[in-house]
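**Q** One-letter residues, chain by chain:
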Amino acid sequence: MLDEKILYLSIRELQAHLRKHSFSPVELAKSYLDRSQRIGSKLNAYVTITEELALEQARAAEREILAGRHRGPLNGIPYALKDLVAVKGYPTTWGARPYADQKLEYNATVVEKLNQAGAVLIGKAAMIELAGGLGYTNGYASLTGPCKNPWNPDCWTCGSSSGSGAIVAAGLAPWALGSDTRGSIICPASWCGVSGLRPSFGRVSRYGAMTIAWSMDKLGPMACTADDCGVILSVIAHDARDHDSLQPSEAHFRYPAPELEPRMPLRVGRLTNVWNKIDLQVQQAATEALRVLERAGARVSDAQMPDGPFEQAAELTILIEAASAFQTLIDSGECAKLADPLGQINGYASRAFSASDYLQIQRVRTILQQKVDKLFDSFDVLTTAGQPDLAQPLVQPTSKTPPHEERAEPVEPRAPDGVSSLCGLPAIAVPCGFSSNGLPLAIQFIGRAGNDHAVVAAARLFQSHSDWHKKHPDLSRLQHA
Amino acid sequence: MQEVDARFNETLRRYGDRLSEEQRNRIRRVLADNQSMLAAIRDFPLDNGDAPATALKLRIEKFRYGRIMADHE
Chain A
7 MLDEKILYLS IRELQAHLRK HSFSPVELAK SYLDRSQRIG SKLNAYVTIT
57 EELALEQARA AEREILAGRH RGPLNGIPYA LKDLVAVKGY PTTWGARPYA
107 DQKLEYNATV VEKLNQAGAV LIGKAAMIEL AGGLGYTNGY ASLTGPCKNP
157 WNPDCWTCGS SSGSGAIVAA GLAPWALGSD TRGSIICPAS WCGVSGLRPS
207 FGRVSRYGAM TIAWSMDKLG PMACTADDCG VILSVIAHDA RDHDSLQPSE
257 AHFRYPAPEL EPRMPLRVGR LTNVWNKIDL QVQQAATEAL RVLERAGARV
307 SDAQMPDGPF EQAAELTILI EAASAFQTLI DSGECAKLAD PLGQINGYAS
357 RAFSASDYLQ IQRVRTILQQ KVDKLFDSFD VLTTAGQPDL AQPLVQPTSK
407 TPPHEERAEP VEPRAPDGVS SLCGLPAIAV PCGFSSNGLP LAIQFIGRAG
457 NDHAVVAAAR LFQSHSDWHK KHPDLSRLQH A
Chain B
5 MQEVDARFNE TLRRYGDRLS EEQRNRIRRV LADNQSMLAA IRDFPLDNGD
55 APATALKLRI EKFRYGRIMA DHE
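If you read the sequences in order, they're chains A and B.
Mapping of the first sequence onto the numbering used here: residues 7 to 487, in sequence order.
Mapping of the second sequence onto the numbering used here: residues 5 to 77, in sequence order.
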């Protein structure tokens with residue numbers, strides 16, 4: 007089996023080794039498979055390991071590389087796929103008990119693209135049930151149990167792309183596909199200390215992926231570096247079949263493409279009004295990350311997210327669209343089989359919204375979208391912490407508040423995940439430090455709709471002047487457990 | 005709260021037979037939270053012609069020389 011150091015190499019580095027025949031795609035796939043089987047189960051990171059398919063695809067890549075045929079940057083490179091994306095011949099559980107035996111006998115468009123690129127599917131990653139589409143309250147809301155954070159297995163990975171985050175952080179695959187409706191890539195990337203890119207809405211086809219909210223769902227990569235995310239996006243972007251795909255002239259993501267990237271100095275807007283509260287260590291790490299960017303030539307100045315009910319509009323849009331997407335599940339009563347008590351009943355409440363509620367929200371959304379867009383006349387990217395807090399413990403201290411007095415957290419109307427998801431903006435989270443107890447901290451960059459190049463460029467600039475993305479968790483505690 | 009009560013009663017009419025007392029109470033709280041979010045939306049000033057983003061249209065501008073240029077430039 008290949009050394010752990012090799013398994014944490016970037017995609018570009020792995021590809022260079024494959025072309026030099028330092029090792030073969032089969033050796034590489036077997037090493038990640040072995041690691042996934044040994045460590046993945048201890049993290050609850052996978053739903054299914056697709057060993058047979060992985061070896062078949064790796065052998066095909068090996069034959070081609072030996073024959074001098076190179077399909078591109080992902081040829082022979084293993085990956086994992088969030089289990090809401092259909093793969094022919096394997097279960098697609100959507101992370102939820104009502105769909106535990108579901109098999110969709112076709113490949114999602116993104117899988118077809120990866121097959122054509124010669125990528126090697128190692129397995130299907132664990133996730134929060136229905137990607138949180140009917141609500142959830144903690145990491146236990148998953149068919150495969152709580153996904154454990156490789157940096158501290160007593161902590162959660164965040165969700166809903168829980169397994170994807172854990173898999174990359176633990177070096178079980180060099181990258182994984184996640185999905186993001188309102189933060190489901192950005193949060194696990196932040197808490198797991200990996201790079202996670204949520205592309206612009208409509209950039210990547212969702213055909214064959216479970217729907218939560220048609221107007222907000224995105225698929226995107228999680229990997230060791232921002233550059234890797236750019237490489238992967240260049241392979242999976244563009245498909246004209248989704249009705250809400252970007253126009254073909256806009257949907258392609260050529261990478262690298264220096265002429266499409268922001269000119270230096272990069273104009274970075276430091277968001278100063280987006281969190282109600284933020285952990286001091288997170289704040290300090292994000293501030294230091296901006297100093298690094300300034301030293302690297304970026305021009306950083308304060309930016310204010312405009313006023314408006316962004317978070318409310320995002321949350322309500324998801325609730326209403328999910329009530330429609332999961333109408334059959336809700337009306338059949340099968341939602342009672344979900345693990346999370348909130349997920350069991352939330353759909354019933356969401357079915358009480360009216361059509362005029364929805365249209366009112368979408369009318370407000372149009373105006374909010376225009377307000378945010380104006381910010382990008384002055385900035386190439388906006389930035390803030392990846393998340394305002396550290397990875398939370400899997401087992402929360404028991405609340406002393408009786409359940410009947412339980413209240414929702416105060417809404418943060420300008421929370422970055424809500425704003426950027428509501429408006430279809432690209433964002434990337436990358437590691438920028440560690441807390442005193444060794445948990446990853448992250449910074450995120452948000453770009454104008456369609457300007458995915460700007461967020462990748464900003465994150466890449468930061469990573470070329472820092473080495474947080476090269477730190478990896480000590481898994482010895484897991485391996486000996 | 006009248007609207008929350010109306011929605012709660014309608015939810016119970018449709019789904020009440022499959023809900024425990026605890027679940028009913030939780031639904032009542034969820035509906036109240038949803039109503040508070042809806043209030044923020046309803047407070048937002050809109051004109052008659054403000055159209056919904058029922059098909060989300062991204063505001064993509066032209067890229068030139070690595071900078072985003074407004075359509076009129």
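These aren't lab readings, by the way, just hints derived from the structure by calculation.
Some hints could be false.
With beta-carbon atoms standing in for the labels, derived distance ranges [what the hints assert, rightly or not]:
1) Gln310/A to Leu50/B: 20 to 28 Å
2) Glu7/B to Ser330/A: 51 to 59 Å
3) Val401/A to Arg28/B: 54 to 62 Å
4) Arg269/A to Asp54/B: 33 to 41 Å
5) Ala55/B to Lys11/A: 52 to 60 Å
6) Lys476/A to Gln6/B: 52 to 60 Å
7) Glu19/A to Arg28/B: 52 to 60 Å
8) Lys109/A to Arg22/B: 25 to 33 Å
9) Arg28/B to Asp9/A: 53 to 61 Å
Positions of the beta carbon are idealized from the N, C-alpha and C atoms, including for glycine.
**Q** Could you run down the list of hints and mark each one as holding or not?
**A** Now the hints, each set against the structure:
1. Gln310/A to Leu50/B: 20 to 28 Å: Because 23 Å falls inside the window, the suggested range holds.
2. Glu7/B to Ser330/A: 51 to 59 Å: Violated - the Cβ-Cβ distance for glutamate 7/B and serine 330/A, about 21 Å, lies outside 51 to 59 Å.
3. Val401/A to Arg28/B: 54 to 62 Å: Violated: the Cβ-Cβ distance is about 28 Å, outside 54 to 62 Å.
4. Arg269/A to Asp54/B: 33 to 41 Å: holds, 35 Å
5. Ala55/B to Lys11/A: 52 to 60 Å: holds, 55 Å
6. Lys476/A to Gln6/B: 52 to 60 Å: With a Cβ separation near 58 Å, lysine 476/A and glutamine 6/B satisfy 52 to 60 Å, so the hint holds.
7. Glu19/A to Arg28/B: 52 to 60 Å: holds, 56 Å
8. Lys109/A to Arg22/B: 25 to 33 Å: With Cβ atoms ~28 Å apart, the hint holds.
9. Arg28/B to Asp9/A: 53 to 61 Å: holds, 57 Å
Hint compliance for this structure: hints 2 and 3 are broken, all remaining hints hold.
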